[in-house]
Amino acid sequence: MIPFPVLSVITWAPFVGAVLIMFLARHSPLAVRLIALLTTSISTVLSVFIFVVYDREAAGFQFYEKLPLVPPLGISYEVAVDGMSLLMVLLTSVIIFAGVFASWTVKSRSQEFYALLLALVTGVYGVFVSLDLFVFFLFYELAVLPMYLLIGIWGSSGEVRPRGIFGWAFRETGVGTKEYAAMKLTLYLLFGSAFILVGIFALYVTAGTGSFSFLELEATTFDPRVQFWVFLAFYVGFGILAGIWPLHTWSPDGHASAPTAVSMLHAGVLMKLGAYGVVRLGMGLLPDAAVELAWLVGGIACINVVYGALSAMAQTDLKYVIAYSSVSHMGLVMLGAATLTEAGLNGSVFQMFAHGVMTGLFFALVGLVYEKAHSRAIFTMGGFGRAMPGIATAFTVGGLSSLGLPATSGFVAEILTFMGAWRSAHPWWLVPAVAGTFLTAVYVLRVTKQIFWGPPSPHFDHLEDARGPEWLALVLLTGVIVVFGLVPALAIGPVDTATVPILTRMVKP
Amino acid sequence: MSGLAPFALEAGIGVVLLLVFGAGLLARGEDRRFVAWLATTGVLAVGVLAMLARPAGPALGGMFVQDGLAIFAKRLFLAATFIGLLAGLSLTDRVFVRRAGEYHLLILTSLLGMMVLASARDLILLFLAFELMSIPLYVLAGFLKRDAAAVEASLKFFLVGSVSSAVMAYGLSFVYGATRTTDLARIAAVATAGDPLLTLGLVATLVGFAFKIAAFPFHMWVPDTYEAASTPFVAWLSVAPKAAGFVALFRVYFEGAGDRAATWVPVAAFLATVTMLAGNLMALPQQNTKRLLAYSGIAQIGYMLVGVAAASASGTAMVLFYLVAYVFGNMGAFLVVEALARSEGSEATTAFRGLAQRSPLLALAMLLFLLSLGGIPFVAGFWAKLYVFWAATERGLYWLVLLGALLTVVALFYYLLVAKRMYIEPPDRPTRVPVAPTLALSVALCVLGVVILGLYPKAVVMAAMRVASPLF
Numbered sequence: 150m151i152p153f154p155v156l157s158v159i160t161w162a163p164f165v166g167a168v169l170i171m172f173l174a175r176h177s178p179l180a181v182r183l184i185a186l187l188t189t190s191i192s193t194v195l196s197v198f199i200f201v202v203y204d205r206e207a208a209g210f211q212f213y214e215k216l217p218l219v220p221p222l223g224i225s226y227e228v229a230v231d232g233m234s235l236l237m238v239l240l241t242s243v244i245i246f247a248g249v250f251a252s253w254t255v256k257s258r259s260q261e262f263y264a265l266l267l268a269l270v271t272g273v274y275g276v277f278v279s280l281d282l283f284v285f286f287l288f289y290e291l292a293v294l295p296m297y298l299l300i301g302i303w304g305s306s307g308e309v310r311p312r313g314i315f316g317w318a319f320r321e322t323g324v325g326t327k328e329y330a331a332m333k334l335t336l337y338l339l340f341g342s343a344f345i346l347v348g349i350f351a352l353y354v355t356a357g358t359g360s361f362s363f364l365e366l367e368a369t370t371f372d373p374r375v376q377f378w379v380f381l382a383f384y385v386g387f388g389i390l391a392g393i394w395p396l397h398t399w400s401p402d403g404h405a406s407a408p409t410a411v412s413m414l415h416a417g418v419l420m421k422l423g424a425y426g427v428v429r430l431g432m433g434l435l436p437d438a439a440v441e442l443a444w445l446v447g448g449i450a451c452i453n454v455v456y457g458a459l460s461a462m463a464q465t466d467l468k469y470v471i472a473y474s475s476v477s478h479m480g481l482v483m484l485g486a487a488t489l490t491e492a493g494l495n496g497s498v499f500q501m502f503a504h505g506v507m508t509g510l511f512f513a514l515v516g517l518v519y520e521k522a523h524s525r526a527i528f529t530m531g532g533f534g535r536a537m538p539g540i541a542t543a544f545t546v547g548g549l550s551s552l553g554l555p556a557t558s559g560f561v562a563e564i565l566t567f568m569g570a571w572r573s574a575h576p577w578w579l580v581p582a583v584a585g586t587f588l589t590a591v592y593v594l595r596v597t598k599q600i601f602w603g604p605p606s607p608h609f610d611h612l613e614d615a616r617g618p619e620w621l622a623l624v625l626l627t628g629v630i631v632v633f634g635l636v637p638a639l640a641i642g643p644v645d646t647a648t649v650p651i652l653t654r655m656v657k658p
Numbered sequence: 070m071s072g073l074a075p076f077a078l079e080a081g082i083g084v085v086l087l088l089v090f091g092a093g094l095l096a097r098g099e100d101r102r103f104v105a106w107l108a109t110t111g112v113l114a115v116g117v118l119a120m121l122a123r124p125a126g127p128a129l130g131g132m133f134v135q136d137g138l139a140i141f142a143k144r145l146f147l148a149a150t151f152i153g154l155l156a157g158l159s160l161t162d163r164v165f166v167r168r169a170g171e172y173h174l175l176i177l178t179s180l181l182g183m184m185v186l187a188s189a190r191d192l193i194l195l196f197l198a199f200e201l202m203s204i205p206l207y208v209l210a211g212f213l214k215r216d217a218a219a220v221e222a223s224l225k226f227f228l229v230g231s232v233s234s235a236v237m238a239y240g241l242s243f244v245y246g247a248t249r250t251t252d253l254a255r256i257a258a259v260a261t262a263g264d265p266l267l268t269l270g271l272v273a274t275l276v277g278f279a280f281k282i283a284a285f286p287f288h289m290w291v292p293d294t295y296e297a298a299s300t301p302f303v304a305w306l307s308v309a310p311k312a313a314g315f316v317a318l319f320r321v322y323f324e325g326a327g328d329r330a331a332t333w334v335p336v337a338a339f340l341a342t343v344t345m346l347a348g349n350l351m352a353l354p355q356q357n358t359k360r361l362l363a364y365s366g367i368a369q370i371g372y373m374l375v376g377v378a379a380a381s382a383s384g385t386a387m388v389l390f391y392l393v394a395y396v397f398g399n400m401g402a403f404l405v406v407e408a409l410a411r412s413e414g415s416e417a418t419t420a421f422r423g424l425a426q427r428s429p430l431l432a433l434a435m436l437l438f439l440l441s442l443g444g445i446p447f448v449a450g451f452w453a454k455l456y457v458f459w460a461a462t463e464r465g466l467y468w469l470v471l472l473g474a475l476l477t478v479v480a481l482f483y484y485l486l487v488a489k490r491m492y493i494e495p496p497d498r499p500t501r502v503p504v505a506p507t508l509a510l511s512v513a514l515c516v517l518g519v520v521i522l523g524l525y526p527k528a529v530v531m532a533a534m535r536v537a538s539p540l541f
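Line by line, the protein sequences are chains A and B.
Heads up: the first sequence begins at 150 in my numbering, then just goes up one per residue.
Heads up: the second sequence begins at 70 in my numbering, then just goes up one per residue.
By construction, these hints were calculated from the structure, which means they are not laboratory data.
Each hint can be trusted.
Result set (DMTMM-like, lysine to aspartate or glutamate): computed pairs, CA atoms no more than 25 Å apart in a straight line:
| id | chain 1 | residue 1 | chain 2 | residue 2 |
| --- | --- | --- | --- | --- |
| 1 | A | LYS598 | A | ASP466 |
| 2 | A | LYS215 | A | GLU367 |
| 3 | B | LYS527 | A | GLU290 |
| 4 | B | LYS214 | B | GLU99 |
| 5 | A | LYS256 | B | ASP497 |
| 6 | A | LYS256 | A | GLU613 |
| 7 | B | LYS214 | B | GLU413 |
| 8 | B | LYS489 | A | GLU328 |
| 9 | A | LYS256 | B | GLU494 |
| 10 | B | LYS214 | B | GLU200 |
| 11 | B | LYS489 | A | GLU290 |
| 12 | B | LYS214 | B | ASP162 |
| 13 | B | LYS527 | A | GLU365 |
| 14 | A | LYS333 | B | GLU494 |
| 15 | A | LYS256 | A | ASP610 |
| 16 | B | LYS527 | A | GLU214 |
| 17 | A | LYS598 | A | ASP610 |
| 18 | B | LYS489 | A | GLU321 |
Here are the simulated distance ranges between beta carbons:
| id | chain 1 | residue 1 | chain 2 | residue 2 | range |
| --- | --- | --- | --- | --- | --- |
| 19 | B | ASP328 | A | GLY448 | 45 to 51 Å |
| 20 | B | LEU346 | A | VAL168 | 38 to 44 Å |
| 21 | B | SER412 | A | TRP317 | 34 to 40 Å |
| 22 | A | VAL580 | B | TYR525 | 51 to 57 Å |
| 23 | A | HIS523 | B | GLU221 | 52 to 58 Å |
| 24 | A | VAL168 | B | TYR525 | 16 to 22 Å |
Think of the CB as a built atom: it goes at the ideal place given N, C-alpha and C, for glycine as much as any other residue.
Isolated chain A, as found in the complex (with noise of 0.2 Å):
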């Protein structure tokens, strides 16, 4: 008997989903969210599932399936997860899931936002679980191009205008609109998967063995050379989409711009792909080019954090703050990754869910803000605290776990991080990690404060708190930081057995 295909399914029931809203949804906006939310749900369940029956003592990568697709160059449809893939996988649903709710309100040409959304939730699902090179650059590139009109069409241009010595060549070139943030986000990726795709051909012709299989390349020894410049195609490739400084001005553009979904799928999912790859093929398959250039990746990880959270403090439009705050985090997950410490790892890993869900929650969050008060400028709202206090206390929880608060989720991510950081060749590290979680506390509670817990502003009444499926997507993602944060082995267990191998390959025998 053939064992039900339970990662095909998660992978490809949000793709039937795009298909049947395109062709049997044509005129029923309701018919449209019921299927998205229907599939969804399928692979949100069945994410959990598997979550919850992975087998944390064999380790290694389970669910396995493969089909052979172009036999003579070695390619094959071939999946698997272990326990790095699979946390990422339980996050891409649990953002995907929040995310069709908290898109339940748009308005125009649904049908098509919502099929985007979905084929492009079938590219991040199917890269975190190929194991096939090739096949997980075509899902990388199925998960980069829908953004492009999800953005330019459901996008928003934001409300502050560029001021400064170079505000007319902002103006000029349209700095701030959603056609730009498309454009740039879009052309950004792209520009990253180009060396992605030169560092795949390297990898699979200096191996000689004629497969794209992740584990066929894992088993081969490359020559330090060839280590050496794989790793940086991968790193500026995935790197450009996990936000590394100087090539992160794309992210808050593309977030500010995007519609909420789109927002909490890019900010939650995406970037984390980004440090996945660099994680998975770069320090998993070359792994003496990542000893070697650790000192590259955690410096340049520390301006991150630094440079994110400074750039966070001087924005004026909320979802900029939020945009950059992702900036800032994802400096912490590169530099946990670049200690090359198990707790450093975990820590890595550990903070790609915890943000993810976070930014989610945040995105989530400025999205219904923005619907109900028609505004993003922080300094223009105050005291939403009495009207919305489901959404003060959501939003309040989150900035805490992001400014990392023990019992949240957050807290677990960057203790480890910083151990991790402690341990490492450079324990230097440790003073711009803690930096920027202080200057994180400074703008997520100065944000807070004037939002939520301020004076009523007098620009605004009739404010109203989140209703019905709106609920369903806060509890949710508030639910996740605080339970992973009170019980982070949950998912701690399966990361670490994913984890050790990597760094053991990094220790030469």
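Since chain A is already given, all that's left is putting chain B on it; use the hints.
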């Protein structure tokens, strides 16, 4: 009869030519479009014949071969011509209605030249076929003879073309001088790598090819000609003669050359670099869609030259595959421009505003063509780019592959600008864009080609590999 077997396709085109010529003589009245239908059906019939064609031995004492490569190329020419003629059927300008006979006679003559070129294994036949292909094109470019721009474009095309033909003939004379034979097979046998006279000859010959395929310094005729000439013709002009040029290039430089083919790696890599750079960068500021596609087409030629630079059997095969993908993607894009130009009266990119809301299917077709030209997965162009990069990687040209891959990002910028107009900007008016049935059919054929090759490239790749490997 067996003696004629290798010439079956050329004979077929010859019969169609005669029929069109006769019909053109007999036709009376203003509306002579039946000649166009005759020519289109004739090309379709020869196309079906080409699907059945099998390789045959050399004929005319080795001057003419009907090998796998020739048949592959001829099928491609016929497919492109059929799509181009089909799209042209719905042209209603007086000049096309009244002078359908001349128009199709010229196209068929040029097609005959291409087909002979694909089979030519002798320098003299090669040059003759080249001119037979090119001269009708000069006339066709100026077919709208009352339009000053068309006449200018035609003249420019003619002048540049005849100069490059002259340089090519000059080069071929050196090749003959160095090897004392016009037979390509014997040239390959007696040639030695270091012979300066031969090298000089081949480099001069390359100028002729570079002009025909519109590689960088010889590309100047392209944008003006494309802009001024009628779009269905341009769609065909932008693919078929270029495919013919590449096939002849393989015959002269690679066939039988063996390891000596590698001497052309630096030259081809250089041409590929400058052509990709120039095409992509000059496409950026274009506001006219036809000019945009003209420059993007130059960039596409640059990518094909990356495959040529691999100078290997797989490189050659991948260029052939690229040509197939390019035929569908590029012709399709031009034909959508034609459909839009007829209803909006404008070829500017602004004509595409809000097309997704006016005619969703037409917009989707254009998006597929653009994505294919841009090299995005799941449509034909992705595999085409991937495969030529692959071939170049095998040759160790990592820098060229990286440059090509990065320039695809530049290309996507201008392709996405058109996509933005279609999908993001609001329409100027809400009406559907009317598309003539034959034009719609030809666009649909291109969509089919792009999608099928994108989902299942294997059959064509394998066929290209089979016909390319005997060359080395």
